[in-house]
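J.: Note that the protein sequences, when read in sequence, are chains G and Y.
Each residue of the first sequence is one higher than the one before, counting from 0 in numbering that gives the first Met the number 0.
Each residue of the second sequence is one higher than the one before, counting from 0 in numbering that gives the first Met the number 0.
Treat each hint with caution, since some may be false.
To be verified - Covered by chain G, per the in silico footprint, the following chain Y stretches (three or more residues, Cβ under 8 Å):
no., stretch
1, 4-11
2, 14-21
3, 100-109
What the hints assert, rightly or not - What follows is a set of in silico ranges between Cβ atoms, one per label pair, in the way DEER data are often shown:
no., chain 1, residue 1, chain 2, residue 2, range
4, Y, G96, G, P12, 22 to 30 Å
5, G, E52, Y, R71, 45 to 53 Å
6, G, A76, Y, V111, 51 to 59 Å
7, G, S41, Y, R13, 23 to 31 Å
8, G, R72, Y, E47, 39 to 47 Å
9, G, A93, Y, R129, 40 to 48 Å
Calculated directly from the structure, the hints in this document are not laboratory data.
Think of the CB as a built atom: it goes at the ideal place given N, C-alpha and C, for glycine as much as any other residue.
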Amino acid sequence: MSDARLDPLVHAPRRLAAMAILASSQSVEFTFLRDHLQVSDSVLSKHMKLLQEAGYVKVVKRGRGRGASTWYRVTSAGREAFDAHVAYLQSLVAGAPVSLGEPGAGD
Amino acid sequence: METDAIDEIEAVRRHQLDVHRSAPLPAWAWPSFGIGVFVFLSSYALGEAWISIAAPIAYSLFVGVWAGSIVRHTGVQGRLRGTPRPLQAEIVRAWAGCALIIGGAVALGLLVSWVLAGALAGIAVVAGGRVYERRYADRADALAAGQAR
Numbered sequence: 000m001s002d003a004r005l006d007p008l009v010h011a012p013r014r015l016a017a018m019a020i021l022a023s024s025q026s027v028e029f030t031f032l033r034d035h036l037q038v039s040d041s042v043l044s045k046h047m048k049l050l051q052e053a054g055y056v057k058v059v060k061r062g063r064g065r066g067a068s069t070w071y072r073v074t075s076a077g078r079e080a081f082d083a084h085v086a087y088l089q090s091l092v093a094g095a096p097v098s099l100g101e102p103g104a105g106d
Numbered sequence: 000m001e002t003d004a005i006d007e008i009e010a011v012r013r014h015q016l017d018v019h020r021s022a023p024l025p026a027w028a029w030p031s032f033g034i035g036v037f038v039f040l041s042s043y044a045l046g047e048a049w050i051s052i053a054a055p056i057a058y059s060l061f062v063g064v065w066a067g068s069i070v071r072h073t074g075v076q077g078r079l080r081g082t083p084r085p086l087q088a089e090i091v092r093a094w095a096g097c098a099l100i101i102g103g104a105v106a107l108g109l110l111v112s113w114v115l116a117g118a119l120a121g122i123a124v125v126a127g128g129r130v131y132e133r134r135y136a137d138r139a140d141a142l143a144a145g146q147a148r
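Starting from the given sequences, assemble the full structure and let the hints guide the process.
T.: Here you go:
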């Protein structure tokens with residue numbers, strides 16, 4: 000079980016949604032995430048870059064030319080951060096004492 | 000703050016369920032799988048010894064390519080471990096159904112005809128696949144609506 004911890008990077012609504020999808024999948028394609036989150040390519044790229052830089056997400060390029068696609072996969076550190084963040088939210092609901100975690104990037 | 004947390008947990012749950020709800024299989028998925036099953040089983044009608052080695056290898060490759068094509072088409076590769084229990088139960092039921100079909104087809108092939116066995120198994124896979132897909136979607140919708148048992 001993960002420690003309940005607020006993760007400012009995961010806390011932003013778009014990134015929380017992206018992490019929720021990634022955490023329940025093996026890998027997800029860029030367009031699936033973009034369509035699901037209803038954001039533009041550039042907005043999604045910006046969010047995914049932050050998650051990638053934090054080591055929460057791994058990028059895999061598949062194919063070449065017109066058939067090329069970008070796939071994302073959550074890393075074990077990303078899964079741990081997401082689980083800890085969800086545990087933090089659940090502890091808030093339950094009224095348990097929680098850790099505010101380390102400061103990081105906001106939305 | 001507590002209300003915000005409830006909303007966020009609900010949003011996480013909804014997004015995770017949407018992975019299962021918004022990635023329907025392409026229309027060609029089950030017909031192509033049925034054809035693969037037919038070709039695999041009916042190849043044994045040739046009666047050649049090498050077929051018994053080549054056919055399972057070719058069929059395994061076909062299943063790999065088939066699954067890869069579906070993942071590319073839907074844009075999402077599911078994760079059994081993160082799948083909600085009622086949906087996992089549907090997947091297990093589908094595999095059990097598949098094993099039953101293949102078992103019945105092998106018995107029919109050995110006793111009657113491999114071509115007939117292949118044809119019947121192919122049809123059963125297409126029909127069963129569509130039933131599974133509908134049941135899975137219904138379960139996912141029920142979960143999203145908070146009605147799942």
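J.: Are there at least three residues in the stretch 14-21 of chain Y whose beta carbon sits under 8 Å from a beta carbon of chain G?
T.: Per the Cβ count (5), the hint holds.
J.: Do at least three Cβ atoms from the stretch 100-109 of chain Y come closer than 8 Å to Cβ atoms of chain G?
T.: violated (count 0)
J.: In this structure, is the beta-carbon distance linking A93 (chain G) and R129 (chain Y) contained in 40 to 48 Å?
T.: At roughly 42 Å between Cβ atoms, R129 (chain Y) and A93 (chain G) fall inside 40 to 48 Å, so the hint holds.
J.: For the stretch 4-11 of chain Y, do three or more residues have a beta carbon lying closer than 8 Å to a beta carbon of chain G?
T.: n = 6 at 8 Å, threshold three: holds.
J.: Please test the hint of 51 to 59 Å on the beta carbon pair from A76 (chain G) and V111 (chain Y).
T.: 56 Å, holds
J.: Just to be sure I understand the hint, the distance between the Cβ atoms of E52 (chain G) and R71 (chain Y) should be within 45 to 53 Å; is that true here?
T.: Given a distance of about 27 Å, which is not inside 45 to 53 Å, the answer is violated.
J.: Taking the beta carbons of R72 (chain G) and E47 (chain Y), is their distance inside 39 to 47 Å?
T.: 43 Å, holds
J.: Is the gap between the beta carbons of G96 (chain Y) and P12 (chain G) within 22 to 30 Å?
T.: 40 Å, violated
J.: Do the beta carbons of S41 (chain G) and R13 (chain Y) sit within 23 to 31 Å of each other?
T.: Since S41 (chain G) and R13 (chain Y) have Cβ atoms about 25 Å apart, the given range 23 to 31 Å holds.
Of the hints listed earlier, those the structure fails to meet are numbers 3, 4 and 5, in rising order.
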